[in-house]
Every structure is written in structure tokens, then in C-alpha cells.
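A.B. asks: This is what each chain is made of:
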Amino acid sequence: MTRRAANWSLLLALILAAFYLFPLYWMYVTSLKSNSEIYANPPTFWPLHPDFTIYPDVWIRKSMPVFMKNSLIIASGVTAVTVLLGTGCAYVLARYRSVWIDIGLFFVLMLQVLPASVMITPLFVGFNQIGLLNFPRLAVVLATAAKSMPFFVVLVRATFMSVPRELEESALVDGNSRVGAFFFIVLPLARNGILVCAILTFMQAFGEYIYSKSIIQDPLFQPASVGLSAFLGPNSSDWSSIMAYSAIYVTPILAIFVILQRRIVSGLTSGALK
Amino acid sequence: MKPLSSLRDGIGFDLALVGAALLFLLALAGLPLVYNVLMSFQKVDMFTLNALIRPFAGFQNYIDVYRQPEFWMVARNTLIFVFFSILGQFTIGFALAVFFGQDFPGAKVIRGLFLVSWVMPGLVVGAIWSWILAGDFGVLNSILRGIGLIDAPLFWKSDPSLSIWAVVIANIWLGVAFNMLLLSVGLAAIPRDLYEAAELDGANAWQRFCTITLPMMRSTVGAVLALGMIATLQQFDLFPALTEGGPANSSNVAQYWSWQMSFKLYDFAKGATISVMLFVLVLIASIVYVRSTRHEVRG
Numbered sequence: 001m002t003r004r005a006a007n008w009s010l011l012l013a014l015i016l017a018a019f020y021l022f023p024l025y026w027m028y029v030t031s032l033k034s035n036s037e038i039y040a041n042p043p044t045f046w047p048l049h050p051d052f053t054i055y056p057d058v059w060i061r062k063s064m065p066v067f068m069k070n071s072l073i074i075a076s077g078v079t080a081v082t083v084l085l086g087t088g089c090a091y092v093l094a095r096y097r098s099v100w101i102d103i104g105l106f107f108v109l110m111l112q113v114l115p116a117s118v119m120i121t122p123l124f125v126g127f128n129q130i131g132l133l134n135f136p137r138l139a140v141v142l143a144t145a146a147k148s149m150p151f152f153v154v155l156v157r158a159t160f161m162s163v164p165r166e167l168e169e170s171a172l173v174d175g176n177s178r179v180g181a182f183f184f185i186v187l188p189l190a191r192n193g194i195l196v197c198a199i200l201t202f203m204q205a206f207g208e209y210i211y212s213k214s215i216i217q218d219p220l221f222q223p224a225s226v227g228l229s230a231f232l233g234p235n236s237s238d239w240s241s242i243m244a245y246s247a248i249y250v251t252p253i254l255a256i257f258v259i260l261q262r263r264i265v266s267g268l269t270s271g272a273l274k
Numbered sequence: 275m276k277p278l279s280s281l282r283d284g285i286g287f288d289l290a291l292v293g294a295a296l297l298f299l300l301a302l303a304g305l306p307l308v309y310n311v312l313m314s315f316q317k318v319d320m321f322t323l324n325a326l327i328r329p330f331a332g333f334q335n336y337i338d339v340y341r342q343p344e345f346w347m348v349a350r351n352t353l354i355f356v357f358f359s360i361l362g363q364f365t366i367g368f369a370l371a372v373f374f375g376q377d378f379p380g381a382k383v384i385r386g387l388f389l390v391s392w393v394m395p396g397l398v399v400g401a402i403w404s405w406i407l408a409g410d411f412g413v414l415n416s417i418l419r420g421i422g423l424i425d426a427p428l429f430w431k432s433d434p435s436l437s438i439w440a441v442v443i444a445n446i447w448l449g450v451a452f453n454m455l456l457l458s459v460g461l462a463a464i465p466r467d468l469y470e471a472a473e474l475d476g477a478n479a480w481q482r483f484c485t486i487t488l489p490m491m492r493s494t495v496g497a498v499l500a501l502g503m504i505a506t507l508q509q510f511d512l513f514p515a516l517t518e519g520g521p522a523n524s525s526n527v528a529q530y531w532s533w534q535m536s537f538k539l540y541d542f543a544k545g546a547t548i549s550v551m552l553f554v555l556v557l558i559a560s561i562v563y564v565r566s567t568r569h570e571v572r573g
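Sequence lines, in order, name chains A and B.
First residue of the first sequence: 1, per our numbering; consecutive thereafter.
First residue of the second sequence: 275, per our numbering; consecutive thereafter.
Treat each hint with caution, since some may be false.
[To be verified] One side only, chain A facing chain B, incomplete, derived with CB under 7 Å:
| no. | residue |
| --- | --- |
| 1 | T44 |
| 2 | G86 |
| 3 | P115 |
| 4 | M119 |
| 5 | L142 |
| 6 | M203 |
| 7 | Y249 |
| 8 | P252 |
| 9 | A255 |
| 10 | I259 |
[Unchecked claim] Not close to chain A: a few residues of chain B, all C-beta gaps over 12 Å, as computed:
| no. | residue |
| --- | --- |
| 11 | F330 |
| 12 | I337 |
| 13 | Y340 |
| 14 | K382 |
| 15 | S416 |
| 16 | D467 |
| 17 | A477 |
| 18 | F483 |
[As the list claims (entries may be wrong)] Cβ pair distances, simulated, as ranges:
| no. | chain 1 | residue 1 | chain 2 | residue 2 | range |
| --- | --- | --- | --- | --- | --- |
| 19 | B | W480 | A | F231 | 48 to 58 Å |
| 20 | A | D174 | B | G496 | 43 to 53 Å |
| 21 | A | L72 | B | W346 | 41 to 51 Å |
| 22 | A | E169 | B | A349 | 50 to 60 Å |
| 23 | A | A5 | B | A301 | 51 to 61 Å |
| 24 | A | A5 | B | L557 | 41 to 51 Å |
| 25 | A | E169 | B | Q334 | 53 to 63 Å |
| 26 | A | D51 | B | I337 | 53 to 63 Å |
| 27 | B | L423 | A | N128 | 25 to 35 Å |
| 28 | A | L11 | B | A477 | 20 to 30 Å |
| 29 | A | S36 | B | T322 | 53 to 63 Å |
| 30 | A | D51 | B | Q334 | 52 to 62 Å |
| 31 | B | F333 | A | D102 | 49 to 59 Å |
| 32 | B | W346 | A | N128 | 24 to 34 Å |
These aren't lab readings, by the way, just hints derived from the structure by calculation.
On a predicted model such as this, the values are computed, not experimentally measured, just so you know.
Here a beta-carbon is modelled for each residue, glycine too, at the ideal position from N, C-alpha and C.
Just chain A, same shape as in the assembly (with noise of 0.2 Å):
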């Protein structure tokens, strides 16, 4: 390609990925007009009026750190559940080939698929069955580690399928056990992709709504998705508010993206399709 064209192409690409993400702006730039400026029309592209103290008001009105505090702590919980089980069976599952390997990989695969929506009627059944709704938060994680951990296994055994076997081979050559050589060889060489994996996960659990709504009743254990549902639908109308809670929701989540983009690109590019 020639100097020319590429930068076409990269200005094209600008404004593309503009495009693109407005939606995104579009939430900042409403949490921070008036009232009166939200229901002008035609609208303002840029706010006149910058007016930063939504964000401590609706903070507090909206009584956000109760919500993000839980969903810190059911996103860590998931997070905790799906690595600490997750790992081995990824590593065990790109070691061997087996017609064993594959019913067990074809498992997985099948269970990556389950929507949420089909889970949540038996779970919430059987979890009020053995008593687990007593204990909401918890419920929330298991559940909801048993659906993160499938998408988990798939892409961290890609990472482990890159570590060299022959490295392994060596160190238990040498005297190791199975299980030295896998905490001291293999799991320091897969880091990486497991932490990528891990914040992944994290993500997606910081976000999670339908187990968190169907299960948790108190609202001193929802997270702030379900704090959130509570003042929107089709006749919501306080949208600096809702745009303004929005933000302080995702904007951890996107930092958190930007930062690790290039590493949580590569690690779906390299395991998602597998």
C-alpha cells in the first residue's frame, strides 16, 4: 500500500470507529447537560452548560456505592470460581488428544451455548429447593461462574496449547512432579493469557443482569446493573441521571479496556475460533 492510500485509509478508519462509538459519546455528553438543554431540539452536539456535579449527585441519590460494591463483589467472586476451576481442566484439555479429550472439549462447547434465559428458571427453582436463596450473592456466582467458565476453559487452552510441551517434558525429566512442573513451569509461561482471560471475565461479570435480577430480592445485594434497571423502561424520562449512572458504571470497564487492549485482542484472536 502506498503512503497515499494508507492515509486515506487511516482517516477513514478515524471516522469509522467516530461513527461508531457516538453511542458512547452521546452517554457522556448527555450526562453532563441541563435539563432543559437534554429536551432542546434540535439537540447540541457539545454540552453549553458542562455541569460535572451529576456525578456525585446521582453517586449518592442513586445510592451507587451500595450497587458497585456488590458488583465488585460478585464479579470477583465469578472471576475467583471461574480461574481457579477453569485452569486445570484448560491445561488437562490442550496436554492430550483422546477421544476422551474431545467428549470433554465437546462438553464445554455445548455448555458455552446455554443462553442465560433457558439457566435461570431451573436454577432459581433449584437453588430455593436446597436453600441457596438465602444466600443471594452467592447463588449469583456460582450460576454465574458456570457460564463464564465454558467461554474461560476454551480461550485459556489456547494459551496453553502455546507453551512448549517439550519445556514440561524437560522438568519432569529432571525430577519434578506433575504438579511442580505445572505450578513452576507451565503456569508462569501461560500468566499472561490467564490474567487476560481472568479480566475478561471480570468484565463480563461486572455487567451481568438476569441472574442478579431474578435471584437477589434485597436490593442491598443487587449490583448496579439491577440498581440501574430500576429507574429505566419504555417511560423513563430522567436521562441526564440515567446517563450519568451509566458512565460511572462502564467507565471503570473501558478504562480497564484500554489499557489491556492490544493483550485482550490477541487473546481472543487466538482462541476464540478454536
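Guided by the hints, dock chain B onto chain A, whose structure is given.
C.D. replies: Just chain B, lined up with the frame of chain A:
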């Protein structure tokens, strides 16, 4: 001591690692799935909700669901939602993947930025689009009027003939990036010299696309379409954020309907029955998906 040393040094180690995860998944995904099918053949109400053994209902739940006045509307909406979401996500995603497949500085970084739509909480995406699509003060209507496409504002969320399209538009935005990313992987795997040879033979860009890109991408395209269908059938968060399935079920789809049955009307048997029907759809998509990735699964 044999089991212990096997656990540390032999097959027991592998079995423990894989077994823990599979047992967890079996308990929290496999069992509920079976339980769901079971429930769809039982009478479940508030009185038998906690009972382990419930009266058998045969196919009564299925007949009841089928007889619901909104059944055909929901079925139609589900098909529209799946078909047009995939159509939009795939064509836009493919076009972007081809464009970003060219080697220009910054291509990879800018392409990566598109993925923010995918990492954002679905409910927030729904909230933002709900505001963009608002009838009176939504920015989309202003833009459409500004460029002269419409005269009067369109009430995307409250007009029964448009409401399903409001969710489709938001879902396309949500899914374009992931489609593009997966298709980019497929594009990158096509050897460059094929294109060079074709160019020497005088094939133009369109011919190169039809004779090289499309055939070489066959398995990727199959996987992406199947994954798109699965993801679209999994999409839930946009519905409560945008239309709540309304007005009058004009934007309701199977996955939201099933949830409404269970958690709004407390009719868990119908909720389970609808989700079994939905699962059959997902199963068809996953067979396509597994078939198109089968050779890769063996790695």
C-alpha cells in the same frame, strides 16, 4: 500411597484438574438443563415450587404455551430478531474486517477500539440506545430528519411496528465488533500470495473476493454465523432496557417471554417450557458451530 502419588504425579493429577471443573459445570449447567426439561412436563405452581416430586403434566404445558395468544407473535419476533441481527452484524462486521485487514498504520489499534461495544454491560448499552432511539428527543430522529430521510419523528420504542427494530438496531451495534474480530482472524489466515497470483492473472478486487476470500473463509463464516445465532438467542439485557417486550408483546422474543412467565407471572412451568423450545433452536445453531470448528478442536 498409590492414589496419592498418582494425584501428584500421574493420571490422577489430570483427572483431578479436569474433574473439579466438569463436576462444577455438571452441577450448575448440566443438571439445571435436565431439570428444565423435567419441569416442562410437570405441574409447577407456587404450592409445588419447593416439592421434589410434582404431578406429571404430559404435554399440557406445551399445548398451553402454544395456545397463548401471543405465541405466534413471539415466534415471529424471535425469527426477525435473530435473522436481521445476524444479517446486520455479519455484513457490517465483514466489511469492516476486510477494510481493517489492509495494512495501514493504526489499523489494529482502531479495530480493537470497536470491541468496547462488546465489553460494555448489556444493560448500559440498552440504556444508551433507549435514549438515542427516544421518539421526541432522540438523536437518531434528529439526524434522520436533518438529512431529510423522515418528516415526522419515528417512535421506535412505542410504535408496535417498529419496537422489535429498536432492539435489532441496538443488538447489531453490540455484535458488530465481535463478528469483525472473528472474521479478521479468518481473513488473516488466507495466504497473501494467492491474492498476488490472482492479481497477476488480471482478477479485479471483486473477483478476488469471490474466488479467493469467500471460499477460503467457508468454515470461519459457518462458525461466525452459528456463534452469532447463539449470541443473539442469548441476548437478554437489551429487552428490559429498551422495550420490556412491549408494547403489547410487539417486541417480545422467546428468551424474554420465558423470563416473564417465570419471574413476572410466576408460572415456572410455562417459563421452563418456553426455554426448552428456545434450547432446541440453540441446539441447531451449536451443531453447525461444532461441525464448522471440528477440525480445529483437535488442534
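A.B. asks: Under 7 Å, Cβ to Cβ, is where T44 (chain A) needs to be relative to chain B, so tell me if that hint holds or is violated.
C.D. replies: 10 Å, violated
A.B. asks: Minimum Cβ distance from Y249 (chain A) to chain B below 7 Å?
C.D. replies: This interface hint holds because 6 Å falls under the 7 Å limit.
A.B. asks: Using the nearest Cβ pair, does L142 (chain A) come within less than 7 Å of chain B?
C.D. replies: 6 Å, holds
A.B. asks: Taking the closest Cβ pair, is P252 (chain A) under 7 Å from chain B?
C.D. replies: Since chain B brings no Cβ nearer than about 11 Å to P252 (chain A), farther than 7 Å, the hint is violated.
A.B. asks: Given the range 53 to 63 Å, decide if the beta-carbon distance of S36 (chain A) to T322 (chain B) lies inside it.
C.D. replies: For T322 (chain B) against S36 (chain A), whose Cβ atoms are near 55 Å apart, the range 53 to 63 Å holds.
A.B. asks: Against the range 48 to 58 Å, how does the distance between the Cβ atoms of W480 (chain B) and F231 (chain A) compare: consistent or not?
C.D. replies: Holds, at about 50 Å.
A.B. asks: Is 41 to 51 Å respected by the C-beta to C-beta distance linking L72 (chain A) and W346 (chain B)?
C.D. replies: Given range 41 to 51 Å: holds, Cβ gap about 44 Å.
A.B. asks: Given the hint of 53 to 63 Å, check if D51 (chain A) and I337 (chain B) actually sit that far apart at their C-beta atoms.
C.D. replies: 57 Å, holds
A.B. asks: With respect to the beta-carbon atoms only, verify the hint that L11 (chain A) and A477 (chain B) lie 20 to 30 Å apart.
C.D. replies: 28 Å, holds
A.B. asks: So does F333 (chain B) sit 49 to 59 Å from D102 (chain A), Cβ to Cβ?
C.D. replies: 35 Å, violated
A.B. asks: Could you check the hint for me, namely that A5 (chain A) and A301 (chain B) are 51 to 61 Å apart, CB to CB?
C.D. replies: 56 Å, holds
A.B. asks: Hint P115 (chain A) vs chain B: min CB-CB distance below 7 Å?
C.D. replies: 4 Å, holds
Going down the numbered hints, you'll see the structure goes against 1, 8, 9, 10, 14, 15, 27 and 31, while the others check out.
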